[in-house]
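S.K.: Taking the hints into account, I'd like the entire structure generated from these sequences.
As they're listed, the protein sequences go chains A and B.
When you line the first sequence up against my numbering, it's residues 1 to 452, in that order.
When you line the second sequence up against my numbering, it's residues 1 to 338, in that order.
In case anyone wonders, no lab produced these hints; they're calculated from the structure.
All of these numbers come straight from a predicted model, not from anything done at the bench.
C-beta: ideal position from N, C-alpha, C; glycine also.
Hints may contain errors.
[Stated by the list, open to error] Lysine-lysine pairs mimicking DSS-like chemistry, simulated, CA-CA at most 27 Å apart:
(1) 124(B) to 89(A)
(2) 220(B) to 89(A)
(3) 94(A) to 242(B)
(4) 232(B) to 57(A)
(5) 177(B) to 211(A)
(6) 177(B) to 75(A)
[Unchecked claim] Over the 12 Å line for every Cβ pair with chain B, so calculated as not near, a few chain A residues:
(7) 34
(8) 59
(9) 62
(10) 75
(11) 91
(12) 97
(13) 175
(14) 181
(15) 201
(16) 213
(17) 266
(18) 284
(19) 329
(20) 333
(21) 415
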Amino acid sequence: MSNEIDRRKFMRSSAAAGAGLMLANNALGQAGDKKEINVALLGAGTQGQGLMNAILKLGRDSGIKFRAVCDIWEKGNLRRVSRTLTAYKRYGHKGTAYVDYQEMLDKEKDLDAVLVATPDFWHAEHTIACFDKGLHVYCEKEMSNSIEAAKNMVLAGRKAGKLLQIGHQRRSNPRYIYCNDKVINEANLLNRITNISGQWHRSREACVDLKWPNGTEIPKETLKKFGFDNMSQFRNWRWYKGLGGGPIVDLGSHQIDVYSWFLDNAVPSSVMASGGVDYWKDHEWYDNAIAIFEFPTKKGLVRATYETLTTNSSNGYYELFMGDEGTLLISESAGRGELYRESWVEETKWDPWVQKGVVTLEKASVKAEAKAGDDEVDVRESATPALYRMPIEMKVPYHQPHLVNFFESIRGNQTLNCPGEIGYETAVMVLKVNEAIAAGRKIELKPEDFKV
Amino acid sequence: MPLKPQGEQVVDFKAASIADAHHFAHEAMATVFELYIVEEDESYARGGAQAAFAEVDRLEMEMSRFIENSDIARLNSALPGEVVEVGMEVFDCLGRAVEIFEQTGGAFDISVGALYECWLNEDKTVRRPSADEVASARELTGMNHLKLDTESFGVEVLTEGLQLDLGGIGKGFAAEKVAGILREWSLNQALVLAGASSVLSVSVPNGMSGWPIRLSNPSKPSEVLARFELTKGALSGSGRQKGQHIIDPREAEAGPVEGRLAAWSMAPDAVAADALSTAFMLLDPQEIDDYCLANPQTAAIILPHAVSGESQRPEVLRFGQWHQIDTQNDKLKSTTKP
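M.R.: Okay, here's the thing in structure tokens:
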């Protein structure tokens, strides 16, 4: 118990010492001029509900007020979210329910911003409709299933002079910000990053097609009006061409976005990939994909691999940055973060950063020792690298810091961590993976391919 | 410091007799959730099970004290004066925990972890804490350190360092949410098992008189102590393994005791059943009797002590509607009358 308290106290003080890192958490915690922001949720599925819950947990004094919610699944998503917002009536939230987004945008006159969490193929149309009404937009990734449409979103936002935040929420996660700002940039503990790998492996169980309770079906004409062939396609849109982009887009996008971010927002010069519909039946998008990117950076070329599976969950999800002096493993999964010093690098080189509290040494390097009877030590065998940790925790609900960054940017107190221009770069990177798989060849990319 | 030791079969359901029940299992909350669903369309039943398990996973993200941004972890690191906004479900669950804490005179306490850490080493052997250590652990125990604002979903920790653990109530809470989802899917002929320690009947399948349940001796699983049919409500069990100690939060100074071997509780809902089985490990027989009288839909069975002779059947004490019935031989109906 006492150790636990000490550790928590340490976390608190070291995080406070970590300068502006707690900014995202505190920005709304302080009383003051909190301009009220009226929001609507457009798309109330699992992702939309996650965003809503993260906002509700900001409390009654956050200044963020839900006014309305829109979803075409009236007897499913819409009912559930509307019920939740009613339970939060005393916080000043209101859950007026709409099936048609256009009707919502026409009738709700006092909105300031909209959270768009609809299927990918709707993002551009929904976002642009919101800009037309003069509203700010937080749009879930993937920004769009089409590069052209993603570009139009950025252009529309510029024209309207409104903010567009794309939902790559790791960009606002204090743990990720710490790794980028402190470990990679300030302390340069990895030194020259040469390679990156990363993965999201999901179990078969987690990838089975979603169903729906009998009697809650969306009427056929509504499905058709909003671009779905049938109820099953609506529930499992991520697997269909023209609607979503498959696991490389749903999962890989978050992580490939971090690759670029941690390389000072570098963009790749090429991508090659392999994948296929090898396991699941009736799916259109690749159920497993492996991609290789080449990122030219100021320090030299970085080659990066990425792999996503939907049949096996081994080792979950993480991103691994490999430099010639150290290795950083980071994952959004709570508490998963490791830092290793290559065993040939002198401990004294990293010590100052331990003393400054930037990293903590958890386990020293263990040198390979000669066993009794051994004639010689195999010097080619490296010693076990020393393990370090980052003294930073994510102590708020997922998505909350990224949403706060959006709202505080509307209030003029912060700037967006993932504006449309950045979201666009990531959209190009992952949509080009699908293109490379289909083409069966390496695709060369130019810097202007990433510019709007 | 599990409030409810895992991995031991204190409640056992044998599905062999229900040929047309589909079985689904899912690992969550450090245990395995299982569903038995009677439904013609297997793929529809699977869809409902998938939705139910997804809700359990979501609840775990909010309730687990091991997940650093869960509601409970946020409360466990909160300072007095800081209002932590928790989700509706965690707020409800904490409310039930406080209610049962009060009803059981503090025997069920989600903050008891401080006492376990004070009195037991990491390997679970008993240590001798100083009087000061016991006093500080005691100051971190009890629901008076927690303030639930009924006008909001805000929770305040009144004493720094309070450590909450929903291990003794969260699985029952999740089982109730699972039952709610199965009802939405019209999959009513279903049984929910939250690990081997809690079981909840959504409703009994047509043509059956109840779900056949066995209670067995945790230290000797082959020994069946009671068989009966669960028709509605929930049943939970807590058991102590050999050498394992338990602490009565009402008697912090007494430290760990071996106590009774096992306790089972039956209640109208799985939240109460889950929490009460922990409390019934500690309450004395008169207190259990009083509780069951005050809450007529509750029943209890306790297995007080280890038996010396192998052949000897252990003494079992029954309370509430289980009081008069010889659970060895006949089929006790669990129908509870309001």
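S.K.: Are the hints correct? Go through all of them and say.
M.R.: To see whether the hints hold, each was checked on the structure:
This hinted pair does not check out: residue 124(B) and residue 89(A) have alpha carbons roughly 47 Å apart, beyond 27 Å. Under the criterion of a C-alpha separation no larger than 27 Å, the hint pairing residue 220(B) with residue 89(A) is inconsistent with the structure, at around 53 Å. For the hint linking residue 94(A) to residue 242(B), the alpha-carbon distance of about 55 Å lies beyond 27 Å, and the restraint is violated. A threshold of 27 Å between alpha carbons decides the hint, and for residue 232(B) with residue 57(A) the separation of about 35 Å lies outside it, so the pair is violated.
Taken as a hint, the residue 177(B) and residue 211(A) pair is honoured in the structure, with Cα atoms around 18 Å apart against an allowance of 27 Å. Between residue 177(B) and residue 75(A) the alpha-carbon distance is near 18 Å, which keeps this suggested pair within the 27 Å criterion. With a closest Cβ-Cβ approach of about 16 Å to chain B, residue 34(A) is found to remain outside the 12 Å limit, as its non-interface label requires. With a cut of 12 Å on Cβ distances, residue 59(A) falls inside the contact zone with chain B, its closest approach being about 4 Å.
For residue 62(A), the non-interface assignment is contradicted: its Cβ lies about 9 Å from the closest Cβ of chain B, within the 12 Å cut-off. The claim that residue 75(A) is not at the interface with chain B is violated, since a C-beta of that chain comes within 12 Å of its own (minimum 10 Å). At roughly 7 Å from the closest C-beta of chain B, the C-beta of residue 91(A) falls inside 12 Å, breaking its exclusion from the interface. With a least CB separation of 18 Å from chain B, residue 97(A) remains clear of the 12 Å interface cut-off, as annotated.
At roughly 9 Å from the closest C-beta of chain B, the C-beta of residue 175(A) falls inside 12 Å, breaking its exclusion from the interface. The Cβ of residue 181(A) lies farther than 12 Å from every Cβ of chain B, with a closest approach of about 20 Å, so its non-interface assignment holds. No beta-carbon of chain B is positioned within 12 Å of the beta-carbon of residue 201(A); the least distance is around 16 Å. Interface exclusion of residue 213(A) from chain B breaks down, the closest Cβ pair being 4 Å apart, not more than 12 Å.
The beta carbon of residue 266(A) is kept farther than 12 Å from every beta carbon of chain B, the shortest such distance being approximately 30 Å. Distance check for residue 284(A) against chain B: the nearest CB is about 20 Å away, which clears 12 Å, and the non-interface claim stands. Distance to chain B confirms residue 329(A) as a non-interface residue, since its nearest Cβ pair spans about 17 Å, more than 12 Å. Chain B draws residue 333(A) into its interface by the beta-carbon criterion, the shortest separation being 9 Å against a cut-off of 12 Å.
The claim that residue 415(A) lies off the interface holds: its Cβ sits roughly 24 Å from the closest Cβ of chain B, which is beyond the 12 Å cut-off.
Checked against the numbered hints given earlier, this structure breaks hints 1, 2, 3, 4, 8, 9, 10, 11, 13, 16 and 20; the rest are met.
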